[in-house]
Amino acid sequence: MLGRHVYRVSPLDNGGWSVHKEGEETSRGSRASREEATRFACQLAAADEPSKVVIEEGHGAIADERLFGEDTATELERVVEGHVPPSGEPPGRR
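Going by this note's numbering, 1 is the number at position 1 of the sequence shown; the sequence numbering is gapless.
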């Protein structure tokens, strides 16, 4: 898969916070506070690199994003642009 797995921390109607991985039908769980949900989402994202956590505000705006691991698409873009050699190739050899 190119790109990052995305975990969203979103408010629930009952005052809690949901953690949902994009592309999945059900949430990964909920927590009582945004801080607890963010910690949980970060644990999931760290074990699922490359990934990111998107933390939403109460009205849907993005409050914060946290990145985990190297994005394969970004790495490929740097290789194509000539900023770094392909993996496994010594620097300076092309």
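Keep in mind the hints are simulated off the structure, nothing from the lab. Take these hints with a grain of salt, some might be off.
Ranges of calculated distance between the beta carbons of each label pair, as one might list FRET restraints [unchecked claim]:
1. E81 x G58: 18 to 28 Å
2. G15 x E81: 39 to 49 Å
3. G60 x G29: 42 to 52 Å
4. G69 x G29: 33 to 43 Å
5. E81 x L12: 34 to 44 Å
6. G15 x E70: 28 to 38 Å
7. G69 x N14: 15 to 25 Å
8. G15 x V80: 40 to 50 Å
9. E65 x S33: 40 to 50 Å
10. S27 x E65: 10 to 20 Å
11. V80 x G29: 13 to 23 Å
12. R28 x A61: 17 to 27 Å
Note that CB positions come from ideal geometry on N, CA and C, so glycine has one too.
To see whether the hints hold, each was checked on the structure:
1. E81 x G58: 18 to 28 Å: 40 Å, violated
2. G15 x E81: 39 to 49 Å: 47 Å, holds
3. G60 x G29: 42 to 52 Å: 20 Å, violated
4. G69 x G29: 33 to 43 Å: Roughly 22 Å apart at Cβ, these two residues miss the hinted range, so it is violated.
5. E81 x L12: 34 to 44 Å: With a Cβ separation near 42 Å, E81 and L12 satisfy 34 to 44 Å, so the hint holds.
6. G15 x E70: 28 to 38 Å: Taking Cβ atoms as reference, G15 and E70 lie about 36 Å apart, which means the hint holds.
7. G69 x N14: 15 to 25 Å: Hint violated: Cβ distance 33 Å, outside 15 to 25 Å.
8. G15 x V80: 40 to 50 Å: Hint holds: Cβ distance 47 Å, inside 40 to 50 Å.
9. E65 x S33: 40 to 50 Å: 19 Å, violated
10. S27 x E65: 10 to 20 Å: 19 Å, holds
11. V80 x G29: 13 to 23 Å: 39 Å, violated
12. R28 x A61: 17 to 27 Å: 22 Å, holds
Consistency note: the structure conflicts with the earlier hints numbered 1, 3, 4, 7, 9 and 11.
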